[in-house]
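> Following the hints, position chains E and C against chain F.
Chains as they are written, first to last, in UniProt numbering: chain F, 1 to 282; chain E, 1 to 304; chain C, 1 to 274.
Each hint should be verified, as a subset may be incorrect.
[What the hints assert, rightly or not] Straight line, CA to CA, 25 Å or less: simulated DMTMM-like cross-link-like pairs of lysine to aspartate or glutamate: (1) Lys103(F) - Asp78(E); (2) Lys145(F) - Asp174(F); (3) Lys18(E) - Glu87(C); (4) Lys140(F) - Glu77(E); (5) Lys135(F) - Glu107(F); (6) Lys97(F) - Glu77(E); (7) Lys134(F) - Asp78(E); (8) Lys67(F) - Glu42(C); (9) Lys135(F) - Asp72(E); (10) Lys96(C) - Glu24(E); (11) Lys178(C) - Glu87(C); (12) Lys97(F) - Asp72(E); (13) Lys216(E) - Glu42(C); (14) Lys126(F) - Asp222(F); (15) Lys67(F) - Asp47(C); (16) Lys134(F) - Glu77(E); (17) Lys190(E) - Asp6(C); (18) Lys297(E) - Glu152(C); (19) Lys79(E) - Glu171(F); (20) Lys55(F) - Glu242(C); (21) Lys5(C) - Glu203(E); (22) Lys155(C) - Glu60(E); (23) Lys59(F) - Asp47(C); (24) Lys135(F) - Glu60(E); (25) Lys55(F) - Glu42(C); (26) Lys124(F) - Glu107(F); (27) Lys103(F) - Asp72(E); (28) Lys97(F) - Glu24(E); (29) Lys97(F) - Glu60(E); (30) Lys216(E) - Asp240(C); (31) Lys201(F) - Asp47(C); (32) Lys172(C) - Glu24(E); (33) Lys134(F) - Asp72(E); (34) Lys29(E) - Glu87(C); (35) Lys209(E) - Asp6(C); (36) Lys126(C) - Glu100(F); (37) Lys55(F) - Glu152(C); (38) Lys29(E) - Glu103(C); (39) Lys20(E) - Glu163(C); (40) Lys20(E) - Glu87(C).
Since the hints were derived computationally from the structure, they do not count as laboratory data.
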Amino acid sequence: MKFIRNAAKGLFVISLTVIMSACGNNADGDTKSSKEGLPTIAISGSTSVGPLAEKLAFKYEESNNVKIEINQIGSSAGITNAINGVSEIGMSSRDLKQEEIDKGLKETIIAYDGIVVVTHPTNKVKNLTLEQVKKIFTGKVTNWKELGGDDLEIVVVSREDGSGSRDAFQEIVDYSSGELVRSAIIASGNGNIKTTVAMNKHAVGFISFEYIDESISTIDIDGVQATAENVLQQQYKLARPFLFVHMDKGLTDAGQKFIDFILSPDGQVIVSETGAIPVNES
Amino acid sequence: MTSPPIEKHNIGNGKSNKRKYMLESLSSKLFLLCALLSVLSLLLIVGFVFYRGSHPFIAEGYSFFEFIFGVDWVPGEDKFGIFPMIVASIYATIGSLIIGVPIGLFTAIFLSEIAPKRVAKIISPAVQLLAGIPSVLYGVFGLAIIVPFLQNYLGLAKGQSLLAVIVVLAVMMLPTIVTVAETSIRAVPKTYREGSLALGASEIGTIFKVVVPAAKSGITAAIVLGLGRAIGETMAVILIAGNSLIVPTSLTDSIRPLTTNIALEMGYAAGVHQEMLFATGIVLFSFIMILNFVLAKISARGAN
Amino acid sequence: MRTFKDNLLRGLLWFSAFVTVGILLLIVGYIFYKGFRLINFEFIFGDYSPTGGGGIWPMVVTTVYTIAISLVIATPIGILAAVYLQEYAKQGRLVKTIRFATESLTGIPSIIYGLFGAVFFVTTLKLGMSIISASLTLTIIVLPVVIRTTEEALKTVPGAYREGSLALGTTKLQTLIKVILPSSMPGILSGIILSMGRIIGESAAIFLTAGTVAAMPSSIFSSARTLTVHAFLVTQEAGDIELAAAIGIVLIVLILVLNFSATFISKKLNKADY
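Same shape as in the complex, but just chain F (with noise of 0.2 Å):
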């Protein structure tokens, strides 16, 4: 019994030890940091944005002494995030309301985007017009039979409310949050919509154009094709900026460089990579 006894006080001790190593090596962590004067840019918001954000922080981090976090959460969020300094700088893929403006915000247009409506693969349908848009998204055409396609019931995938890919989208496509189908699955993330639709031959939603590969079909609008040229040259309806905003003193030199960097050549680079589309160019 005392060998058992002191086998677990022995136990405890290691956990105990454990623990605190665990946190001693944090708070190294931490005055290494700090020491090394490693500011940190907190960076939040549009999941469209997000894996554009996320590779230009990657290449910056390279060759600059900076911490770029960034949290994938809608752009509602980054801009709530923005506006209460929970974040320095709020990712945006949609223009800021008026509200939003009021306090105190200030944007910068890092690139543009389009939105592609997108299906499965085996679905025929490959162009709709806006008009027959809407009337999926609001639940008026209910089978793909009636657009040209296979005898299947459309299943509707939407965004979130607080995406900014949704606002913008509804907004082109001029319905409101009140007329979308109520039985459309609601997927927060472009990635989620893409796998839900790649999964389903029945489904239609709507990503960013960053997000197109094989595992989904694209369809045109009014005939043109979803690409950046068409973009660039206004046939294509469906695009939308996309924006770095932050409070007008919120933002940190840090910010301020890493926003500089982005809007430099290089950095453009970087974007037409992404398959976004450059500021400069448009």
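Frame of chain F, contents of chains E and C only:
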């Protein structure tokens, strides 16, 4: 553990005792403080959730009736009705109970009464272990297996549905129900069984007429615990529910239970919208509290 | 007729057990089958890469941080609270209130904890979406577990120990530190291990308080994701079932190890009949 040196310095000194008593009363106060922290936490949580959640109804003139019975949830247009979610939560919970409880209970009876000892000795701990698996993994399983199955083999237009949620929740509550029910059935005294068998009842008859009724309170506790797990589950459900905002009318409708509404929208909600999510939390909280109350009543009755 | 009914019921019992075991085996089997190809040294200890193919080390580290911080806070508080309830308190309204609070905390779904943490720790205390916010939220979640298991352990210490020690002229506090706590250590330990399991499995509360940054946390004030949250996000965002299953294997193995050590310790406790 530092007390011996102190004593050494103060041998035969009145101060030693005084210090000891001070230490004694100080420590008991510290212990009390620690114990009160759980009360404080509960008050803080309840206080925060209720304060934030009741604000729109008290200060901003929203109707609580419309909140509970409204069928429109469109935060952008200032419409906050959670009726579809309440119905979804209730359907999903009841549905999972209908599948999970009989299977779980029968498994528990099997393990404690019928299974060969060696079999039970392997299965019981294994099932117990499964109660500890992160629920997200059940959701991953649901999305990878159940959702495609419903689409491809049952021909549903979308696999993300009430049915998928019910199946996953039922599977998830199985380990909890089996483990708790098994323990309580095993606790029924041997003499009950012997008496019944001596009176000429069959083995099965004894189990269902004597043993199970005797373990009633434990079994009820098992069901209530399983129920709690089903109502409270969030992340696994997000993956398979579809999160649509309709009042479900069939098993194939995609649904949004109360929990997923909070998790989906909390990230970006602000102002009244956020407060309404807290209000959703209050409703969920009330469900759970009623459950706990029932559980307490039942176990109190069991004790008598 | 009676035998028919008996046989039917017996058949149902066998069938149910078969279904339960079958389904659970199917789930675990599926996760292992889907994920094992990804499991290797590089996967567990490699850094995360946004372009895919990277490891899960940042999430492992975040999980360890979260466990460590929550337990460093919850363990002493929980143990002392249990000591108060078992050794010091007189049964009465106060103890009843504390017990009620502890039990209620156990029943609250984790999404409510997340809701609370997101507003209290993240916003009100301005800790931001961070490991520390998540850990503090988790502290409250595991506190009842620590309190309950410690209480159970204290109950098993025989009264004779206390009386013997007190009769030797020690104070209550000395008895506690030198006699009671050491003999209930195995029980307390298994409680701590159970809490670890709970923290590892937690997702909703962490999702709302720690954020989703997929990078090595630079400090406890960084936003980061734990293994379980990572499994959720790769499933939801990328639909990457294989990766989620691989993370699932790591999680299941962790839970297995923790459970075995808990059983081992509590078995030792039972054998050592005081």
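> If a hint holds in the structure, say so; if it does not, say that too.
Hint-by-hint comparison with the structure:
1. A hinted pair counts as satisfied when its Cα atoms are at most 25 Å apart, and Lys103(F) with Asp78(E) qualifies at roughly 20 Å.
2. About 23 Å separates the Cα atoms of Lys145(F) and Asp174(F), which keeps this hinted pair within 25 Å; it holds.
3. Restraint check: the Cα-Cα separation between Lys18(E) and Glu87(C) comes to about 22 Å, which is no more than 25 Å; the hinted pair holds.
4. Using a Cα cut-off of 25 Å, the hinted pair Lys140(F) and Glu77(E) holds, with the two alpha carbons roughly 21 Å apart.
5. Pair hint Lys135(F) plus Glu107(F) does not hold up; C-alpha atoms about 33 Å apart against a cutoff of 25 Å.
6. Between Lys97(F) and Glu77(E), the direct Cα distance comes to roughly 14 Å. Compliance with the 25 Å bound is thereby established for this hinted pair.
7. Note on Lys134(F) and Asp78(E): the hinted pairing holds, with a Cα-Cα distance of about 22 Å set against a maximum of 25 Å.
8. Taking the CA atoms of Lys67(F) and Glu42(C), the gap is about 24 Å. The hint holds against a cut of 25 Å.
9. As the CA atoms of Lys135(F) and Asp72(E) are separated by approximately 20 Å, the hinted pair is consistent with the 25 Å bound.
10. Distance check on the hinted pair: Lys96(C) and Glu24(E) sit about 24 Å apart at the alpha-carbon level, within 25 Å; holds.
11. For the hint linking Lys178(C) to Glu87(C), the alpha-carbon distance of about 14 Å falls within 25 Å, and the restraint holds.
12. Proximity of Lys97(F) to Asp72(E) is assessed by CA-CA distance (about 23 Å); at most 25 Å being required, the pair is judged to hold.
13. About 51 Å separates the Cα atoms of Lys216(E) and Glu42(C), which puts this hinted pair outside 25 Å; it is violated.
14. For the given pair, Lys126(F) sits about 10 Å from Asp222(F) by alpha-carbon distance, which is consistent with the 25 Å threshold.
15. Restraint check: the Cα-Cα separation between Lys67(F) and Asp47(C) comes to about 15 Å, which is no more than 25 Å; the hinted pair holds.
16. For the proposed pair Lys134(F) and Glu77(E), the alpha carbon gap of about 19 Å is at most 25 Å, so the pair holds.
17. Of the pairs offered as hints, the one joining Lys190(E) and Asp6(C) holds, with about 21 Å between alpha carbons and a cut-off of 25 Å not exceeded.
18. Pair hint Lys297(E) plus Glu152(C) holds up; C-alpha atoms about 22 Å apart against a cutoff of 25 Å.
19. With a CA separation close to 19 Å, the supplied pair Lys79(E) and Glu171(F) stays within the 25 Å bound.
20. A distance of roughly 24 Å separates the Cα atoms of Lys55(F) and Glu242(C); the hinted pair therefore holds under the 25 Å criterion.
21. This hinted pair checks out: Lys5(C) and Glu203(E) have alpha carbons roughly 12 Å apart, not beyond 25 Å.
22. Of the pairs offered as hints, the one joining Lys155(C) and Glu60(E) is violated, with about 51 Å between alpha carbons and a cut-off of 25 Å exceeded.
23. A threshold of 25 Å between alpha carbons decides the hint, and for Lys59(F) with Asp47(C) the separation of about 16 Å falls inside it, so the pair holds.
24. This hinted pair does not check out: Lys135(F) and Glu60(E) have alpha carbons roughly 36 Å apart, beyond 25 Å.
25. Distance restraint check for Lys55(F) and Glu42(C): the Cα-Cα separation of roughly 22 Å lies within the 25 Å cut-off, and the hinted pair is therefore satisfied.
26. For a cut-off of 25 Å, the pair hint linking Lys124(F) to Glu107(F) is broken: about 41 Å separates their Cα positions.
27. This hinted pair does not check out: Lys103(F) and Asp72(E) have alpha carbons roughly 29 Å apart, beyond 25 Å.
28. Restraint check for Lys97(F) and Glu24(E): the C-alpha separation of about 62 Å exceeds 25 Å, so the hint is violated.
29. Taken as a hint, the Lys97(F) and Glu60(E) pair is honoured in the structure, with Cα atoms around 23 Å apart against an allowance of 25 Å.
30. For the given pair, Lys216(E) sits about 44 Å from Asp240(C) by alpha-carbon distance, which is inconsistent with the 25 Å threshold.
31. As the CA atoms of Lys201(F) and Asp47(C) are separated by approximately 36 Å, the hinted pair breaks the 25 Å bound.
32. Taking the CA atoms of Lys172(C) and Glu24(E), the gap is about 7 Å. The hint holds against a cut of 25 Å.
33. Taking the CA atoms of Lys134(F) and Asp72(E), the gap is about 20 Å. The hint holds against a cut of 25 Å.
34. Our distance criterion of 25 Å between C-alpha atoms is met by Lys29(E) and Glu87(C), whose separation comes to about 13 Å.
35. Note on Lys209(E) and Asp6(C): the hinted pairing holds, with a Cα-Cα distance of about 12 Å set against a maximum of 25 Å.
36. For a cut-off of 25 Å, the pair hint linking Lys126(C) to Glu100(F) stands: about 21 Å separates their Cα positions.
37. About 53 Å separates the Cα atoms of Lys55(F) and Glu152(C), which puts this hinted pair outside 25 Å; it is violated.
38. Restraint check: the Cα-Cα separation between Lys29(E) and Glu103(C) comes to about 22 Å, which is no more than 25 Å; the hinted pair holds.
39. Note on Lys20(E) and Glu163(C): the hinted pairing holds, with a Cα-Cα distance of about 19 Å set against a maximum of 25 Å.
40. With a CA separation close to 18 Å, the supplied pair Lys20(E) and Glu87(C) stays within the 25 Å bound.
Consistency note: the structure conflicts with the earlier hints numbered 5, 13, 22, 24, 26, 27, 28, 30, 31 and 37.
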